[in-house]
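Q: Chain A is fixed; fit chain B onto it per the hints.
2 protein chains.
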Amino acid sequence: MTVALVHHPVVDKNGETIAAAVTALDLHDIARAAKTFGADGFYVVTPLQDQQELVQSIINHWVSGHGAQYNPDRQAALALIRLAPSLTAVLAEINALRGQKPKVVVTSARMADSDLGFDQLRAMVAEGHPLVLVFGTAWGLAPELIESADHRLAPIAGNDGYNHLAVRSAVAIVLDRILGR
Amino acid sequence: MTVALVHHPVVDKNGETIAAAVTALDLHDIARAAKTFGADGFYVVTPLQDQQELVQSIINHWVSGHGAQYNPDRQAALALIRLAPSLTAVLAEINALRGQKPKVVVTSARMADSDLGFDQLRAMVAEGHPLVLVFGTAWGLAPELIESADHRLAPIAGNDGYNHLAVRSAVAIVLDRILGR
Chain A
1 MTVALVHHPV
11 VDKNGETIAA
21 AVTALDLHDI
31 ARAAKTFGAD
41 GFYVVTPLQD
51 QQELVQSIIN
61 HWVSGHGAQY
71 NPDRQAALAL
81 IRLAPSLTAV
91 LAEINALRGQ
101 KPKVVVTSAR
111 MADSDLGFDQ
121 LRAMVAEGHP
131 LVLVFGTAWG
141 LAPELIESAD
151 HRLAPIAGND
161 GYNHLAVRSA
171 VAIVLDRILG
181 R
Chain B
1001 MTVALVHHPV
1011 VDKNGETIAA
1021 AVTALDLHDI
1031 ARAAKTFGAD
1041 GFYVVTPLQD
1051 QQELVQSIIN
1061 HWVSGHGAQY
1071 NPDRQAALAL
1081 IRLAPSLTAV
1091 LAEINALRGQ
1101 KPKVVVTSAR
1111 MADSDLGFDQ
1121 LRAMVAEGHP
1131 LVLVFGTAWG
1141 LAPELIESAD
1151 HRLAPIAGND
1161 GYNHLAVRSA
1171 VAIVLDRILG
1181 R
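Residue numbers (this note's numbering), protein chains in the order written: chain A, 1 to 181; chain B, 1001 to 1181.
Just chain A, with the same shape it has in the complex (with noise of 0.2 Å):
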């Protein structure tokens, strides 16, 4: 199962289709709920050549660079994040890789149709089928995503209709709930 954060498309507050810059602690945070639940890679998707940029400088500090010796663990964390300009290319290298098109599943706050529920998931990813969990980054994946995709993920249900998390928080709670003991 490999976690794909996607920067593009994504919407704004008011639904715009918008490119979101990449938040680095997001690539620490996420890598780390990653590596800590077996997940096989974490793709972070921009388009945009600064932000890729950005992503490799921080992959090279923390992974061959200084902070490698600094910090063993999120060496090894960080060593799982891969560069895509498009989910259609991160699915493009896992098809490559694996020999199969892995299953694309959509999450989503605000997911009004889901298909399916967190012990169907969990089900799906222990059969071994190459799997892409998508997050978006602003405020949620571009409407069109949501609707290409094989599966739409329930949302994570808050206790009082407030339902705000960080992507941070909402990843690691997912991992957890599909991938943890």
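Warning: the hint list may mix true and false statements.
As the list claims (entries may be wrong) - Partial chain A-side listing against chain B, Cβ under 7 Å, derived: (1) 35; (2) 57; (3) 172.
Hints were generated in silico from the structure; no laboratory data involved.
Glycine included, each C-beta is placed from N, C-alpha and C at the ideal position.
A: Below, chain B without anything else, positioned relative to chain A:
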């Protein structure tokens, strides 16, 4: 159930007791998770006056300043934040508010002698007795704070021996396990 994020006494990577700096994103992410899962409050614990001023300025911006208009969802979350100079002060304040001394449950990724599982903690929280769930920044809570607690929660187990979650991720997962549906 109340969350406390402790910045002193915590340990650094060499096991020395330090006062860690406050990370702004910890405040946002943990407040949003606390609000989503219905925690009663979120104490940010630091004895350092400049760090207390930083926390207060973040609260002011998002709860009563420009941030409140820009993002009312963030306002609702950050309104849960309380400042305290020590865990002792947190316990005194809850005792004064609730008329009962709260139980203290501490967390650590390296907890060797835990006496509480997640199901047990979920049942304790459901009983409604005042309870403070304590997380440490930096390399975790200092030993004296762990030893003085009423209970030591089991660590979040990873899948390949790696267990280095961000404290933001750990709080999200623990709240989901004990308060989530």
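Q: Next, verify each hint and record whether it holds.
A: Outcome of the hint check:
no.	hint	in the structure
1	35	holds (5 Å)
2	57	violated (20 Å)
3	172	holds (4 Å)
Hint 2 from the list above is the single one not met by this structure.
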